[in-house]
Each structure stands twice: as structure tokens, then as C-alpha cells.
Amino acid sequence: MRNTLAETGAFFPRDRSWHPKAFTPDYKTSVLRSPQKALLSLSNTVSEITGPVFGHDMLGEMDDDLIYNYAKPGESAIGERIVVHGRVLDERGRGVSGALVEFWQANAAGRYRHKKETYLAPLDPNFGGCGRTITDDDGSYAFRTIKPGPYPWPNGVNDWRPAHIHFSIFGHGFAQRLITQMYFEGDPLIPICPIVNTIGDPEAISRLTAPLDMNNTIPMDSRAFKFDIVLRGRRSTMFENRKEGN
Amino acid sequence: MAQALNMLKESASQTAGPYVHIGCTPNFTGIEGVYDEDLGKVMVNDDTLGERITITGRVIDGSGTPLKDALLEIWQADHKGLYNSPAETRGLADPNFKGWGRQPTDMTTGVFTFETIKPGRVPFVDGRMQAPHVTFWIVARGINLGLNTRMYFGDEEEANAEDPVLARVEHRVRVPTLIAGREGNTYTFDINLQGPNETVFFDI
Ligand SMILES: [Fe+3]
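Protein sequences, first through last, are from chains A and B.
Going letter by letter, the first sequence gives residues 1 to 246 in the numbering used here.
Going letter by letter, the second sequence gives residues 1001 to 1204 in the numbering used here.
Heads up, some of the hints might be wrong.
Under the rule of at most 30 Å between Cα atoms (straight-line distance), these lysine-lysine pairs were calculated in the DSSO-like manner [to be verified]:
id, chain 1, residue 1, chain 2, residue 2
1, A, Lys37, A, Lys21
2, A, Lys226, B, Lys1068
3, B, Lys1080, A, Lys28
4, A, Lys226, A, Lys72
5, B, Lys1080, A, Lys37
No wet-lab data here; the hints were simulated from the structure.
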């Protein structure tokens, strides 16, 4: 899977002004769940630089196809059929191979399959809403699904989430761990969503917005959206005069 | 003008939301038949070396209420202090211990539980040894960027006293927020998001 030596450098510090702040009162749940004291900055030790490996052999055949992975034999999920594809890169622009990418979403009507979900839109008996894959040598990944619907949520009295897919990404080091969301180009709900707007920089929001990619559609079957994900980069250890861990 | 550095920006984080379990622990939320077993659920097998321990606790919000929708991941060394990772340069870790676990908090009690082993010591950047510790990552609805902290072991007083990371905690009254008390083979580690006992969270 990897034909180069594993990298062992520390990760670049996170730009915490680019990420959402912890305390974002327009997203009300953050008020009581945001740490209020300063974070303690910690140079990466071997505990942060290392991380587990996930092999392709753990994947089931249908893990990357949400149209079929919960459907009864001969049936499929209802909705607009799409392919989501892209690359997992690091901040140096290098593909991250072997990254575990997990995704979950509401169905075409905007309803999640979850005990605590209360939205009145119907469940799709053929749609579970979860999938996963592992990136190739160049960091690329792809999966097939249906386009999720937007849904209302109890924050303001009339707040709606734009259509989105949740992503969890596991790179090579535990300090790279990231959860984010993918939005769809042109959705008018994006600029008025309190969760989207926990991010201050419009450029950071546009990087989470997947464009329609007509060159990667499956003709007469599925449209495609391209979504690249960037994880933290590592310092080079080329000129380190101190051997890591010694 | 100068050449551009051409660095990319890390993708901005977004909250894991209330339904993180659909994606990360689908069997736990009743979505069965897609994955055989939830990833990270089991950390040890019969051949795993080291002392068996249980780590349990809650993630508590600013009103004192445990979160019932959080997801936690832990990452730790094996019994000898080696990480099961390609980035580990000091030797080969126990092949029967991945060192990584993932657990949701219980939907009614808010309690999380990891069945694992006690890790050995690993070095700090300058070569001094750190006290045994487990790295935590916590996500949930209302948490915009995953929180990182560490759990140290209450029965490792000597090692904790010389730990270079604990030594960095300026307000010494906050050190106990990182140390789990031991009762039998169980360590209890409550994580407080806010309040007078707010857990020390790290920018790693
Ligand atoms: Fe959602």
C-alpha cells in the first residue's frame, strides 16, 4: 500500500483562526460545550505523530455505495444518484494514501436513520446513510450515494441545514484527525446556515463546497461532485539534528 | 514579490453533529448489516500483552450534564511503550494491540467505556520519558473542532511528577483534571468541557 518510508515529522500547527472557534453562540449548542480556558500548546511527541493504519481488507464490497449497501436485494435508495470523488491531500499538496474516509448523511428527504431524529420526513427503507472507503496511493477516493435533502433543525425557529454530507477523515497521525462537512455548489441555504457560519472566512467555506463535475459523471446514471480534503502537513525531518525519540 | 509558498490550508472543521454515530458506529445506532462490527469497538484480544484495564467516564457540559451524543477516540502505546504505527521508529509494537479505540457515550447515561491495557512510557521530544498516558479525541454536536486531551494514571504518581507535559500546566490546580483515579482495574476519567474543573485541552 505504501512504497515510501513512513514520515515521522511533527505536524504544522493548526491555524485556529481558519477553523471555527469553540464558542459560536449563533450555533446554540456550542454555548455550553465550548472550553473557555486557553488550550495548552504542545509540541508533537511520538503520541501525536503516530496513528493507526487501516487496511483495504477491512472494507466490505458495498461500503462505498450508499445506494445499495442498505438496500434489499434488487432494490435501491430513492433520490438523485451522485458520485462524490476527490483526493485527500496534506497541506504540502501531497496525496495522503491509506486514509480512512467515513461519511454519513440524511436521505433524499432530509431524514436521518437515527433513534433521536424527529423530522417528519419519511425514512427510505433502502437507505442506511453510512459508508466508508480508504484512499488510493495518490490519495484519491470515490463513493456513490444519493443527494441528501436539506432539513430543519431546532436552533432558531426556522433554521435549515443546507444539503450536506458529513466526513470523518483519518490520516497518518492522530493529530491529523478531522471531521467536517461537504456542501453542494449553488445551495442558497449555505450562506444562512448557523453551522456553516461558525467558520469565519468565506474562503474556508468555499473549500467545503463541492462543485458539479460533469467530466466524472456516469452518463445516464449519476452526476458527480468533486470534494478534495486537506489534512495537516508534516515538517520534514531531513535536517533534524536530533533523532526522534532518542 | 517573492515566490508563493503554495501551501494548502487544512479543510475547516465542522461539528460532528448529533448523528455522528450513523457514520462512525452505525451498529450502535441500530443500522445493522452494513458493517460487521463498529470500528474501534474492541481493542484487546486473548493474546494482547499487558495489564487489562477499563477506562470509563463522562463528557460533562457547562451545566453539569453529561453529553449523551458524544464520540470519543483514544490512541495509546502498547505495554512496552511502542505505538502500532508506521511512524513509530523505535521498534515493533505488540501485533495484538492496535492501540486505537472508538466509543460512543451511552445514549441514556452518557458514560463511555474502553476495555484496553495500561500503556508503557514513551519519550518526549527531548528524550525524557513521559508518564504513561492515553490520548483522547472528543467530538459531538456543539463541538466545532474535535478536542484533544490526555489521560494520565492516578497510580503513577512518580512518573506523573516528572512528566514534561504535565509540567507545562501553568495553573497547578488544573493538573488533576488530566489524572484518572484507579479503583480495582478501572480508571475513571470525567472530561469537563467548562466550569471550575474544566479539563486541560491541548493544541497539538
Ligand atoms: Fe447533518
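Go through the numbered hints given earlier and state which of them the structure violates, listing their numbers in rising order.
-> 2, 3 and 5
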